[in-house]
Amino acid sequence: MTHEEERRRFFRIDDEVNLYYKPIDEKMVNRTSHISDNVLGNCSLAAALEMMSQESRFMMSRLERNSPEVADYLKIIDSKIELIAQALMLQGSDFKEKDTINVNLSASGLAFDCSEKLNVDDYLEIKMLLVSCMAVIVTYAKVVYCKPKTDSSSGFPYVAGVDYINMKDQDRELLIKHIVKRQMQQIRESKEVPKV
Amino acid sequence: MDIASLLGFIIGIAIIVSAILVGGDVMMFVDVPSILIVFGGTFGVSLMRIPLTDFFRSFGVVAKAFLNKRDDPNLLIEEGVRLSDIARKNGLLALEGETITNEFLKKGIGLCVDGHDPAFVRRMLEQEISQMVSRNEVGQDMWKGVGDLAPAMGMIGTLVGLVQMLANMSDPSAIGPAMAVALLTTLYGAMVANCFALPMVDKLSKVLLYEKTNRELIMETISGIQEGMNPKVLEVLLNSYISDKKRKAQD
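Quick note, the sequences are listed as chains Y and A, same order. Going by the working numbering, the first sequence opens with residue 1, and the numbers climb by one from there. Going by the working numbering, the second sequence opens with residue 1, and the numbers climb by one from there.
Just so you know, the hints here were simulated from the structure itself, not pulled from any lab data. Each hint should be verified, as a subset may be incorrect.
[To be verified] Quick partial rundown of chain A residues pointing at chain Y, CB under 7 Å, derived from the structure:
| hint | residue |
| --- | --- |
| 1 | I86 |
| 2 | R88 |
| 3 | K89 |
| 4 | G115 |
| 5 | T186 |
| 6 | L187 |
| 7 | G228 |
| 8 | N230 |
If you're wondering where the values come from, they're calculated on a predicted model, not measured in any experiment. Idealized CB from N, CA, C, for every residue including glycine.
Turn these sequences into a full structure, and let the hints steer you where they fit.
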């Protein structure tokens with residue numbers, strides 16, 4: 001697989017995320033991921049919950065067939081837990097309202113507007129809050145390109161493209177799920193007839 | 001084509017006809033008034049049990065017992081996993097161009113591509129499954145009724161024949177043939193019920209169970225695709241719908 005093919009492995013969508021990044025040393029990246037080691041750490045909570053939901057899906061599908069009422073009740077409890085987790089994730093995080101930016105998002109990489117010039121092959125630690133599902137993903141990334149924008153009126157003179165490195169499987173799964181759901185939402189929005 | 005249904009029906013009738021042939025004249029077993037009482041009476045009384053539209057629709061259900069073409073769940077799982085992989089890698093819109101043979105799966109994928117909410121899609125598919133089940137149950141109910149009524153009509157025909165026979169006791173030589181004719185209605189009733197109606201009800205309920213399971217499997221596939229579920233996880237989940245023996249060997 002060529003580098004270009006690797007970068008295009010997954011579907012890309014335009015989205016709005018709350019993005020926080022900082023340059024890091026290459027040695028940090030090569031270390032086995034320190035990120036999300038603590039499954040109860042705020043940043044991996046969404047992914048850990050998602051993983052548990054996936055495990056419970058098998059039981060849930062059996063339960064839906066045998067006791068649909070119990071399954072419905074458990075789904076409500078599940079939604080409550082999701083809401084509490086989202087509220088927890090927002091507390092004490094690095095995210096601020098103003099950090100929300102437009103990105104081109106995929107499960108293998110990210111393109112985003114940035115205010116400073118980044119060097120190709122630089123390493124970044126990226127934290128992103130997926131606004132539509134309030135999930136936080138933390139990963140390392142390598143800068144693939146950084147070029148000046150033709151229209152810098154937004155206050156971001158550059159656009160950078162990065163590839164994720166050492167992304168945890170559960171985080172990638174979370175990202176893919178977010179992208180699929182976001183695409184569904186976008187299709188629905190594009191079909192809505194504007195009111196006159 | 002369900003060979004078992006056709007073969008079972010032909011073998012059943014053939015054995016009875018062979019037994020008749022070995023014993024003597026076939027025409028001895030043909031009596032038009034008895035046929036009218038059993039067939040006409042059974043279908044006539046069936047009309048009292050169910051509405052006219054359901055009565056006619058139930059004849060269409062018969063075709064299902066003979067012509068049903070069952071989708072292999074393993075192939076459905078394979079196709080579902082393939083579609084889920086495409087949706088994750090190329091987006092939901094990429095599913096639009098895919099060739100899908102199963103109509104129910106095609107419909108579900110169409111709803112995905114249209115961007116409908118997963119809960120709405122699930123509700124739509126669930127409703128379709130329940131409609132399919134109730135349509136088939138109406139047909140099964142009609143034929144179960146035929147299975148119950150045919151022997152009863154046969155018995156009525158026999159009683160009618162016996163009354164007619166007893167009214168003409170003056171000629172002892174006519175008692176034997178008249179008795180034989182009277183008993184023919186019981187034979188016809190038992191044949192209609194046991195060689196056709198009741199086995200067909202059993203076959204239809206099996207066909208319905210397979211079809212329902214396949215559709216539930218497809219519904220789960222659609223939900224998995226809309227969730228962006230990992231294809232491997234989806235495969236494991238879908239395999240829970242089929243028995244261990246029928247599952248394809250897992251890596």
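The hints, checked one at a time:
1. I86: Interface hint status for I86(A): violated (10 Å vs cutoff 7 Å).
2. R88: holds, 5 Å
3. K89: holds, 6 Å
4. G115: OK, holds: G115(A) within 7 Å of chain Y, min 3 Å.
5. T186: Nearest chain Y Cβ about 44 Å off; hint violated.
6. L187: Check failed: Cβ of L187(A) comes no nearer than 44 Å to chain Y, outside 7 Å.
7. G228: At 3 Å from the nearest chain Y Cβ, G228(A) passes the 7 Å test, so the hint holds.
8. N230: Holds - the Cβ of N230(A) comes within 7 Å of chain Y, reaching about 6 Å at its closest.
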